[in-house]
Amino acid sequence: MNIMIADGSAVVRTILEQGLDSYPDVNIISFVSNGKKLIESIDDEVPDVIVSGLDMSDPVEKNDLRLIVDEKKIPVILLADSSLSYACPGLETIEKPKISDYTKEFFDSLVEKLRFFSSSGLTQTTSKKSSFKVLCIGASTGGPSAVSKILPLLGKNFSLPVLYAQHIDVGADKNMAEWFASVCHNIRVKLAENGEEALGGTVYMAPADKHLVIDYISPKGNPVLKLSDEEPERFLRPAVNKLFRSAARIYEKKCLAVLLTGMGFDGAEGCREICDRGGWTIVEDKSTCAVFGMPAAAIEAGGAQEILPRGEIAKRILELVGE
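Per our numbering, residue 89 is the first one in the sequence shown, and the count goes up by one each step.
Incorrect hints may have been included.
[To be verified] The calculated lysine-lysine pairs, modelled on DSS-like cross-linking and capped at a C-alpha distance of 30 Å, are:
no.: 1; residue 1: Lys-244; residue 2: Lys-184
no.: 2; residue 1: Lys-150; residue 2: Lys-192
no.: 3; residue 1: Lys-341; residue 2: Lys-201
no.: 4; residue 1: Lys-161; residue 2: Lys-150
no.: 5; residue 1: Lys-374; residue 2: Lys-201
no.: 6; residue 1: Lys-374; residue 2: Lys-308
no.: 7; residue 1: Lys-244; residue 2: Lys-125
no.: 8; residue 1: Lys-201; residue 2: Lys-160
no.: 9; residue 1: Lys-150; residue 2: Lys-160
no.: 10; residue 1: Lys-125; residue 2: Lys-192
no.: 11; residue 1: Lys-150; residue 2: Lys-201
no.: 12; residue 1: Lys-184; residue 2: Lys-237
no.: 13; residue 1: Lys-160; residue 2: Lys-403
no.: 14; residue 1: Lys-124; residue 2: Lys-150
no.: 15; residue 1: Lys-308; residue 2: Lys-278
no.: 16; residue 1: Lys-192; residue 2: Lys-278
no.: 17; residue 1: Lys-308; residue 2: Lys-160
no.: 18; residue 1: Lys-125; residue 2: Lys-160
no.: 19; residue 1: Lys-308; residue 2: Lys-125
no.: 20; residue 1: Lys-150; residue 2: Lys-237
no.: 21; residue 1: Lys-201; residue 2: Lys-342
no.: 22; residue 1: Lys-124; residue 2: Lys-403
no.: 23; residue 1: Lys-184; residue 2: Lys-374
no.: 24; residue 1: Lys-262; residue 2: Lys-237
no.: 25; residue 1: Lys-244; residue 2: Lys-161
no.: 26; residue 1: Lys-374; residue 2: Lys-186
no.: 27; residue 1: Lys-124; residue 2: Lys-201
no.: 28; residue 1: Lys-150; residue 2: Lys-308
no.: 29; residue 1: Lys-374; residue 2: Lys-403
no.: 30; residue 1: Lys-184; residue 2: Lys-124
no.: 31; residue 1: Lys-308; residue 2: Lys-342
no.: 32; residue 1: Lys-150; residue 2: Lys-341
no.: 33; residue 1: Lys-278; residue 2: Lys-186
no.: 34; residue 1: Lys-244; residue 2: Lys-201
no.: 35; residue 1: Lys-278; residue 2: Lys-150
no.: 36; residue 1: Lys-125; residue 2: Lys-237
no.: 37; residue 1: Lys-161; residue 2: Lys-184
no.: 38; residue 1: Lys-403; residue 2: Lys-341
no.: 39; residue 1: Lys-186; residue 2: Lys-201
no.: 40; residue 1: Lys-237; residue 2: Lys-278
It should be emphasised that the hints constitute simulated quantities derived from the structure, not laboratory data.
If you're wondering where the values come from, they're calculated on a predicted model, not measured in any experiment.
Could you put together the complete structure from these sequences and hints?
Pasting the structure below:
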């Protein structure tokens, strides 16, 4: 398999070269020091997999890497600091070792991942398109503003039902739903009702002081909604976790969820369960959050498969849904 190595440190590039040289099926075709040079190298010869230790806190490097994965369809194994996460389809993050920790065990594990991606490419990514049946959104502090920026970008014919749990005070939900309807002309926004069948192209918002969950799937394949008076979860009703867990249980790999800005931990466990059952999660990047609490908790819990700034979320949803 042909691989490229990208790292800003000449020392690390040399260590990776020496460590991978003992594996006969690994052929290193290029060494580069930044994302721009990596893209230039790909124009000359396309690798099966890229090993990158580039700094993903640099927006230029981050955008270059996303271009490689999303547009050029080349899988990347990213060596990154354990406190950071930049997961997306076709990219797997593993902790970047200290110089003294590039051991045989590390290289055995790395080569195993290289072999897997070399054989499978991005087939897992593309197979996710058009498989989703429901979109769930969870938010708290700053959520209405975030959602009002995302929904209009989904277009006029969004195919999935959208279930939305927002932490909100009693008495404010009706006005909020009406406000959404006034600013999101492309998609219908309403308060969810108990027992109704959720249809594509409509946003169903949890009423204040009610948990919103999916009860079962209708004969047409749509979620049937249930409003619950069960006890608040961590003092919250509606709770994002309640919605996300029910969607994970009912739809499994056909569940797509987005966790936006908010204080606290709600939604983290639900995101993790969606991931565990084969669904897909996007959480809002710290750079655009009013409060980076709930997204950070989801990342920490291993429930964030993609981390995107607010302005990129709608586009990514449409890519995943195939619209």
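To see whether the hints hold, each was checked on the structure:
no.: 1; hint: Lys-244 - Lys-184; verdict: 43 Å, violated
no.: 2; hint: Lys-150 - Lys-192; verdict: 29 Å, holds
no.: 3; hint: Lys-341 - Lys-201; verdict: 23 Å, holds
no.: 4; hint: Lys-161 - Lys-150; verdict: 15 Å, holds
no.: 5; hint: Lys-374 - Lys-201; verdict: 29 Å, holds
no.: 6; hint: Lys-374 - Lys-308; verdict: 38 Å, violated
no.: 7; hint: Lys-244 - Lys-125; verdict: 40 Å, violated
no.: 8; hint: Lys-201 - Lys-160; verdict: 20 Å, holds
no.: 9; hint: Lys-150 - Lys-160; verdict: 15 Å, holds
no.: 10; hint: Lys-125 - Lys-192; verdict: 29 Å, holds
no.: 11; hint: Lys-150 - Lys-201; verdict: 21 Å, holds
no.: 12; hint: Lys-184 - Lys-237; verdict: 35 Å, violated
no.: 13; hint: Lys-160 - Lys-403; verdict: 17 Å, holds
no.: 14; hint: Lys-124 - Lys-150; verdict: 11 Å, holds
no.: 15; hint: Lys-308 - Lys-278; verdict: 21 Å, holds
no.: 16; hint: Lys-192 - Lys-278; verdict: 57 Å, violated
no.: 17; hint: Lys-308 - Lys-160; verdict: 37 Å, violated
no.: 18; hint: Lys-125 - Lys-160; verdict: 15 Å, holds
no.: 19; hint: Lys-308 - Lys-125; verdict: 50 Å, violated
no.: 20; hint: Lys-150 - Lys-237; verdict: 23 Å, holds
no.: 21; hint: Lys-201 - Lys-342; verdict: 26 Å, holds
no.: 22; hint: Lys-124 - Lys-403; verdict: 24 Å, holds
no.: 23; hint: Lys-184 - Lys-374; verdict: 22 Å, holds
no.: 24; hint: Lys-262 - Lys-237; verdict: 19 Å, holds
no.: 25; hint: Lys-244 - Lys-161; verdict: 29 Å, holds
no.: 26; hint: Lys-374 - Lys-186; verdict: 26 Å, holds
no.: 27; hint: Lys-124 - Lys-201; verdict: 25 Å, holds
no.: 28; hint: Lys-150 - Lys-308; verdict: 41 Å, violated
no.: 29; hint: Lys-374 - Lys-403; verdict: 18 Å, holds
no.: 30; hint: Lys-184 - Lys-124; verdict: 21 Å, holds
no.: 31; hint: Lys-308 - Lys-342; verdict: 15 Å, holds
no.: 32; hint: Lys-150 - Lys-341; verdict: 27 Å, holds
no.: 33; hint: Lys-278 - Lys-186; verdict: 52 Å, violated
no.: 34; hint: Lys-244 - Lys-201; verdict: 41 Å, violated
no.: 35; hint: Lys-278 - Lys-150; verdict: 37 Å, violated
no.: 36; hint: Lys-125 - Lys-237; verdict: 35 Å, violated
no.: 37; hint: Lys-161 - Lys-184; verdict: 23 Å, holds
no.: 38; hint: Lys-403 - Lys-341; verdict: 20 Å, holds
no.: 39; hint: Lys-186 - Lys-201; verdict: 19 Å, holds
no.: 40; hint: Lys-237 - Lys-278; verdict: 17 Å, holds
Hint violations for this structure: numbers 1, 6, 7, 12, 16, 17, 19, 28, 33, 34, 35, 36, all remaining hints satisfied.
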